[in-house]
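Novice: Protein chains in written order, with the numbering used here: chain A, 1 to 180; chain B, 181 to 328; chain C, 329 to 443.
Please note that a few of the clues may not be correct.
As the list claims (entries may be wrong) - No farther apart than 25 Å at their CA atoms in a straight line, the calculated lysine-lysine pairs in the BS3-like style are these:
| no. | chain 1 | residue 1 | chain 2 | residue 2 |
| --- | --- | --- | --- | --- |
| 1 | C | LYS429 | A | LYS25 |
| 2 | C | LYS353 | C | LYS429 |
| 3 | A | LYS25 | C | LYS379 |
| 4 | A | LYS107 | C | LYS379 |
| 5 | B | LYS243 | B | LYS253 |
| 6 | A | LYS118 | C | LYS379 |
| 7 | A | LYS107 | C | LYS380 |
In case anyone wonders, no lab produced these hints; they're calculated from the structure.
Please read these numbers as outputs of a predicted model, since none were measured by experiment.
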Amino acid sequence: MTVETIISFLIFLMILSAIIAVELKDLLSSVVSIGAVGVILSLTFLLLQAPDLAIVQLVVEILALIILIRATVTRDSVNYSQREIFVKVVTMIGVFVFLFSLVSVIKLLPPFGEPKLKVANYYITEGLGIKNNISETGAANIVSSIILDYRAYDTLGEATVLFCAVLGVLAVMRTVGRKK
Amino acid sequence: MKEKNNNSGMTLIVKTVTRLTVGLIMLYGLYITFHGHLTPGGGFAGGVILALSFIHLILAFGKDFIIEKISEKITSVFESIGAVLFLTIAVSGFLGGYFFKNIYGKGVPFNLFSGGIILPCNLSIMLKVGLGLFCAFLTLLLFISSKE
Amino acid sequence: MNQYLPYILCLVLFLIGLYAVLVKKNLIKIIIGLGIIDYSLNLFLVLIGYKKQGIFPILSKNGQAQPIVDPLPQALVLTAIVIGLAVTMLMVAIAIRLYEKYGTFDITQIRKLKG
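Using the sequences and the hints, build the whole thing.
Specialist: Next up, the structure:
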């Protein structure tokens, strides 16, 4: 049982849960199915040797579930009509054509398990101190030293995006209009 | 004298367990943030766990108890303090050379106070992310209850 | 072909999310489809950086040299996950506001753009 087989099996379970989440009529059950997709994804990150990402994905998944349930459970469930069969068949054909063209391009990537590591070589040798035995950043976690020391400008951009999203939620939910 | 309304929120079992565990969840979030340069985690994971502990309080006790103490104005003030602190640490790198230069002491590896700029940055990101997400959640909650 | 199988399954997950965005009429199903697209793209970035028999990129005290996986895609995906949560929160806020104005989640009846 190589790692590649286990990871392919877990991605196959995610595909099954995603199909269930998209096709169910009840809104609350489909929200619970997408919670299952997120938890299996966190387990996959753990098997791909990325413990930072597993922690963040699990807690973010719980918060997204709370917000989606809060939005859907207080609404009364009405059955909406489906689209015509013609639209569904044309979309499926388009999606399959897209899949075949992507599969023929994917052979240009390096095979699974042998990355090229061109840019990260500098971060690993300088950050861990393999050359001079003195580490340049002083931290033991390489991912933390990348996002807060070598590429701190990207973290500033991410903090700005979060700030704008919270500002957007506060602006959309105002119930007091302009005073006449 | 405020009369306690025992009908809001969840049942008595949930309220008792929440009183025992919500402090531990907040402490776990602070632990993951403080040791972000030694073990996996960092500012983002710690901030989301801190927001989840506040949401746990509101879901268990109902919003009428909590809303006087943790209103929207106080959380948005603290979120802005986190953002301004992050920018101040970045601008203080100008004293050494360029924007965001790592000028604090590096220290001995594997200590708590090693790594230069990484520990204060993790703390400010935890304040910003955690309280920002909690403020947005409070806004969604209050809107739903004001229309029905 | 066996070496490329995780990439192909990840792309199938992306196409399921794309189908949900294009075909479904309910607004909450469209938000779920965008969430599935988010998960599949983060997984694809981390799959590219995996090295066979590599170990997680954290220094430990009893130093034995072992090859590590690529830490750069993990640093990129760490912020992308939290940004995906913020965008989902904004979409749910807009959906609640639309329901309060039009009374339904059906996108074929939300057509009258009033000023």
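Novice: If a hint holds in the structure, say so; if it does not, say that too.
Specialist: Consistency of the hints with the structure:
1. C:LYS429 / A:LYS25: Judged against 25 Å, a Cα distance of about 23 Å means the pair holds.
2. C:LYS353 / C:LYS429: holds, 18 Å
3. A:LYS25 / C:LYS379: violated, 41 Å
4. A:LYS107 / C:LYS379: holds, 18 Å
5. B:LYS243 / B:LYS253: holds, 16 Å
6. A:LYS118 / C:LYS379: holds, 13 Å
7. A:LYS107 / C:LYS380: holds, 19 Å
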